[in-house]
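Add chains B, C, D and E with the ligands to chain A, keeping to what the hints say.
This is what each chain is made of:
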Amino acid sequence: SSNKADNSVKTIQNKKTLVVGTAADYAPFEFPIVQNGQKKIVGYDLLLSKKIADNLGVKLKIVNTEFPSLISELQDKKIDLILAGMVSTPQRKKAVAFSKSYYTVKNVLLVNKKNQARYNTVASLKGHSVGAQQSTTQETITKSQLADANPVVESNLTSLTTELKQGKLAGVVVENAIADNYVKSYPHDYAIAKVKLTTPKSFRYINIAARKNDKALVKRVNTEITKLQKNGQLKELFKQAQALQAENK
Amino acid sequence: MFAFLHHYYPVFVQGTAQTILISFIGILIGIGLGLCFVSLRRSKYRLFQYIARLYIAIVRGTPSMIQVMLIYYGLSKMIDIPQIQFLGSGLDRLIPGSIALGINSGAYTAEIFRSGLISIPRGQTEAGLSLGLSNRTTLYGIVMPQAVRNVLPALGNEFITLIKESSVLFYIGVQEVTAQALGVGGTLYNFIPPLLVAAVIYFVLTQLMSLLVSLMEKRLGNAYLKVPE
Amino acid sequence: MFAFLHHYYPVFVQGTAQTILISFIGILIGIGLGLCFVSLRRSKYRLFQYIARLYIAIVRGTPSMIQVMLIYYGLSKMIDIPQIQFLGSGLDRLIPGSIALGINSGAYTAEIFRSGLISIPRGQTEAGLSLGLSNRTTLYGIVMPQAVRNVLPALGNEFITLIKESSVLFYIGVQEVTAQALGVGGTLYNFIPPLLVAAVIYFVLTQLMSLLVSLMEKRLGNAYLKVPE
Amino acid sequence: MTKHIIEVQHLKKHFGKNEVLKDISFTVKPSEKVVIIGPSGSGKSTLLRCLNRLEDDYDGRVIFYDQNICQAKTTDLRLIRQRMGMVFQQFNLFPNKTVLENITFAPIKLKVMTADQATQKAHELLKQVGLDDKAAAYPQSLSGGQQQRVAIARSLAMNPKVLLFDEPTSALDPEMVGDVLGVMQRLATNGMTMIIVTHEMMFAKKVADKVLFMDKGVVADEGTADYIFNQTSNPRTKEFLSKVMLSS
Amino acid sequence: MTKHIIEVQHLKKHFGKNEVLKDISFTVKPSEKVVIIGPSGSGKSTLLRCLNRLEDDYDGRVIFYDQNICQAKTTDLRLIRQRMGMVFQQFNLFPNKTVLENITFAPIKLKVMTADQATQKAHELLKQVGLDDKAAAYPQSLSGGQQQRVAIARSLAMNPKVLLFDEPTSALDPEMVGDVLGVMQRLATNGMTMIIVTHEMMFAKKVADKVLFMDKGVVADEGTADYIFNQTSNPRTKEFLSKVMLSS
Ligand SMILES: Nc1ncnc2c1ncn2[C@@H]1O[C@H](COP(=O)(O)OP(=O)(O)OP(=O)(O)O)[C@@H](O)[C@H]1O
Ligand SMILES: Nc1ncnc2c1ncn2[C@@H]1O[C@H](COP(=O)(O)OP(=O)(O)OP(=O)(O)O)[C@@H](O)[C@H]1O
Ligand SMILES: [Mg+2]
Ligand SMILES: [Mg+2]
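Heads up: the sequence lines are chains A, B, C, D and E, in that order.
Those letters in the first sequence? Residues 1 to 249, by the numbering used here.
Those letters in the second sequence? Residues 1 to 229, by the numbering used here.
Those letters in the third sequence? Residues 1 to 229, by the numbering used here.
Those letters in the fourth sequence? Residues 1 to 248, by the numbering used here.
Those letters in the fifth sequence? Residues 1 to 248, by the numbering used here.
None of these hints come from the bench; they were simulated from the model.
Predicted model only: the values in this text are computed from it and were never measured.
Take these hints with a grain of salt, some might be off.
Over the 12 Å line for every Cβ pair with chain D, so calculated as not near, a few chain B residues [unchecked claim]:
1. TYR45
2. ILE56
3. LEU131
Listed next, the stretches of chain B that the computed footprint assigns to chain A, with coverage defined by at least 3 CB atoms under 8 Å from CB atoms of chain A [as the list claims (entries may be wrong)]:
4. 90 to 98
5. 168 to 179
Here are the simulated DSS-like pairs of lysine-lysine, each with C-alpha atoms no more than 25 Å apart in a straight line [to be verified]:
6. A/LYS227 to A/LYS10
7. E/LYS238 to D/LYS205
8. E/LYS206 to D/LYS243
9. E/LYS97 to D/LYS243
Just so you know, even glycine gets a beta-carbon here, dropped at the ideal spot from N, CA and C.
Looking at chain A on its own, in the form it has when it is part of the complex:
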């Protein structure tokens, strides 16, 4: 909206680092592992971040914090981009600028394997607790589509899935990629329920978030995503991330 020259790319190149904010409790998008005795945050978002940093010709720095506070950190200029499996909802669009989508999600209900048969329909969840991460699209979906269930909102996804395993929750609404990964990792504990959840269009696309004024930066990011989509590397990166988690759990 302003006519001032957009220095966003230049600023990053001047400081020779791209600072990416993420919330590393969301495998396979982002999660910590130990490599050569060193802690490292890895995942799909991180692989993609690296590509973007390379494209900009700068080093990559990761800031790991809680998901609900990421946008506020971006606005406070503590980070340059958010790559945290963040869906571009209309509400978020009011606060930040989003790149092209680099992943499309569908939401499903993750349940305890024991209860797979029990929770087949939306009605079967009536009066049962269903978890969703605070300030996510899953929270909105849970509250609108499973209105008869009791929503449980926590800031950390793993605390929800731990509760699910303990039998404290009937289900957790998560993205299909995450759910698949849980089931793959712990086939005896978790399953995906047959409950039909619809994911509205505005809740489907995972994008990279930047500050509203940083148009040049968004442009550069879009170029890189398009390139990776075209040469099929994007899918490769995702599989790589899944494999990383499987070997580190």
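This is chains B, C, D and E with the ligands only, laid out in the frame that chain A set:
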């Protein structure tokens, strides 16, 4: 800056009710456990003393957030509570959450009671015994009332601490004030205003609690401590 | 259950180092602020007394988690700290985080110092003055050393509390023990084992701290408190 | 009934390695006034406390009306203590009870009297010690001397057969001492059996039938008041008395 | 130099509405021993504390060597206090310092002496009070009587012109009293000017050049020891003395 309150105040009202509820239950459980463990601590049997010391040491040596989560996950394996909704959270979280708060508080309460009993001069016990009263009557009729009066300020502080600590229950999904503030902050993409509101709410609650305790102090007989001219 | 440690222990080592670091800075700032505010509190000027009382009341009346977040978000708007990485967290988080811990601790430390000064009988001051010593020499040469010795146990407890409270910094992205445990839990898709590890780490740290304080108590002259036969 | 109310036989008591009482024996007859004097740390308080088993785990025997206190069961012990009043240096009134409640608490709790009887008796006793107007006051509002007189009234409320006093006037301002000693003097005149640890030598001279001089855990000297204060040739007794008398 | 070391003129002091000192006047000559007696609460301690301005905000004048203490500036006040030693009922030794350090702390801090001089002087004083072997001990390991003698030595280390004593023996076990009074007696004999609040009447009789009897904030009676103890016709003095003497 606080225009959002216009829209969001019911969320904070609900959160406040929830905070009061869990604090209240937590305080009751804490007092119960405190009495129980102070007896163990003063017991003749080494094993009981040891159990009480261990409990107190563990609770005092670890962050309450971690305690709450571990107790919550642990408890949920043991007891089965119906998932009735109450003020926006299931009883199955409210109750274990309050119990966790109580278990935390109990360790401090036990130490407070112990210091209260120690604070009563041995002469009081001896005076009671020398009149032919039983150990029991001496303890409950003479020493305890004075001890309780003496520790009221410390107990009040512990209750205030508990109200503040109850904020960690947001981590197990209890929709108390902090959880609500963080939720609103996540929606507004700005944490400062809702957190300020939460801070004010806690401040008011804790001030009310100290008022309550000082009223109780008066009722429990300030009279005998005053030295009239 | 703890097989993951084999692989993940470096994460916990790093987190522990970070916890020690922020606690240490927090303690130092807390002592500084404590000394500063106890002077204000004992000042002749009503305004200074009032400022100190207000600060203490606010800190004691609100949860430290909320304080930490408000101070962090507030500070990050005001001052610009380079994002240099240190032990896995940016200095722009470590520093405001530690300052927040210190601001929280300062209120309690101030009250502890105050109680220490009150605990020294008036006769000590009078004895000093009656020998012709100045107010200053009497305070710093006679009263303070005794007060510090008296409050060491309480200070030790406050340091232990601070170590535990430092766990709230995970919420602003400081990679201390709790944050690391939560992160590892995220990778394992299971929270309980890493949280137990974190609990043990805090327990060891707090026990070490009490050991340290009791050693200091001895060094600062237990001798004169003992009544030889 | 024997001719002795209390018989102490070979009483020994140690705290850890510190032998505080080394083989103490003496007897107390009905109406007798026994005064115990001696330097600080000689074991006077410990001796008194052994008599009603506020100290436990001692060797030897304490016989009270044919009953061996050392072996009394809890319930017997409580009956014994009711008949053996004790007055402490620090008064030990119950600060959260009024003067009247201090006196009536034990008789009512122990069902020795009804509440009405206890109250009436308390008022009588308060009159005896000159404090009937203070019945509703709390101990903290009384002077030390007044508190000690209430403590004496409290002991008397159980109708004890013997009263033990442990330095009842040491914690008092000098002008208060007289009132308390006055009350004790009257009790003595009325025939109460009393064992008194005190540093008030004038008083000891006046009321004692028997004086025990304790030193380092033994009864180093013993006899009538006249003997101890005027005739003894025991050098320790004489040295102690010269020190204590000099100051007064 | 005037013939008076201290002149107290129309001294008045109140705490809130409580008038504790009501127009007190008296003088102290060099080498004079003034003993102040009187019931508890009559204002004896307050009077003593006004003399070296440990109490502030009083009316009237206290002249010490021609200097008005009431108006002395802080630095002057400190010099005045150095020349006016004070010994307290509770000894008030510094518990974290050894006996020697207790005595040398002020002289060294105030640069009245070098560390060596102060230490030498301290040993001399400790010899005077019979405690040279305790130089390295901490106060808590001493008996009350020993502590009080150290406190006297500490006051003397500043070479004061006058010593104020506030019930120096009231907190002591009876056998300890003699030692402390002995030290004070020797000071008196050596010509030290002293103002002593005490309940030790025998001692007062022996050393006092002048006795002030205080009651309810006024000097109710005043005279030589002989006058106060044997001749006065003041009924309040006589009542007080009869009470205090009865107990000893
Ligand atoms: N509970 C106890 N534990 C250990 N030692 C004790 C205990 N009570 C008393 N003593 C020791 O026993 C000895 C005698 O003490 P006791 O109080 O009987 O003396 P006392 O003659 O009453 O002295 P005082 O005149 O000072 O009251 C002292 O050395 C004291 O330190
Ligand atoms: N700091 C104070 N604030 C208020 N009142 C005080 C204070 N100090 C003393 N008083 C009051 O002043 C009066 C005189 O006290 P003071 O200590 O001078 O008496 P005293 O003659 O020394 O008594 P004692 O023999 O008990 O030491 C008392 O009524 C006391 O309550
Ligand atoms: Mg004794
Ligand atoms: Mg006095």
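Status of the hints after comparison with the structure:
Every beta carbon of chain D lies more than 12 Å from that of B/TYR45, the smallest distance being close to 19 Å; the non-interface claim holds. The beta carbon of B/ILE56 sits about 28 Å from the closest Cβ of chain D, which is more than 12 Å, so the claim that it is off the interface holds. With a least beta-carbon separation of about 4 Å from chain D, B/LEU131 fails to lie farther than 12 Å from that chain, contradicting its non-interface assignment. Coverage of the segment 90 to 98 of chain B by chain A holds. Counting CB-CB distances below 8 Å, 3 residues qualify, and the rule asks for three or more.
As drawn, the segment 168 to 179 of chain B meets chain A at 6 residues by the rule of a beta-carbon pair under 8 Å; at three or more, the given contact holds. Distance restraint check for A/LYS227 and A/LYS10: the Cα-Cα separation of roughly 21 Å lies within the 25 Å cut-off, and the hinted pair is therefore satisfied. Distance check on the hinted pair: E/LYS238 and D/LYS205 sit about 24 Å apart at the alpha-carbon level, within 25 Å; holds. Taking the CA atoms of E/LYS206 and D/LYS243, the gap is near 16 Å; set against the 25 Å cutoff, the hint holds.
Under the criterion of a C-alpha separation no larger than 25 Å, the hint pairing E/LYS97 with D/LYS243 is inconsistent with the structure, at around 30 Å.
Checked against the numbered hints given earlier, the structure breaks hints 3, 9 and satisfies all the rest.
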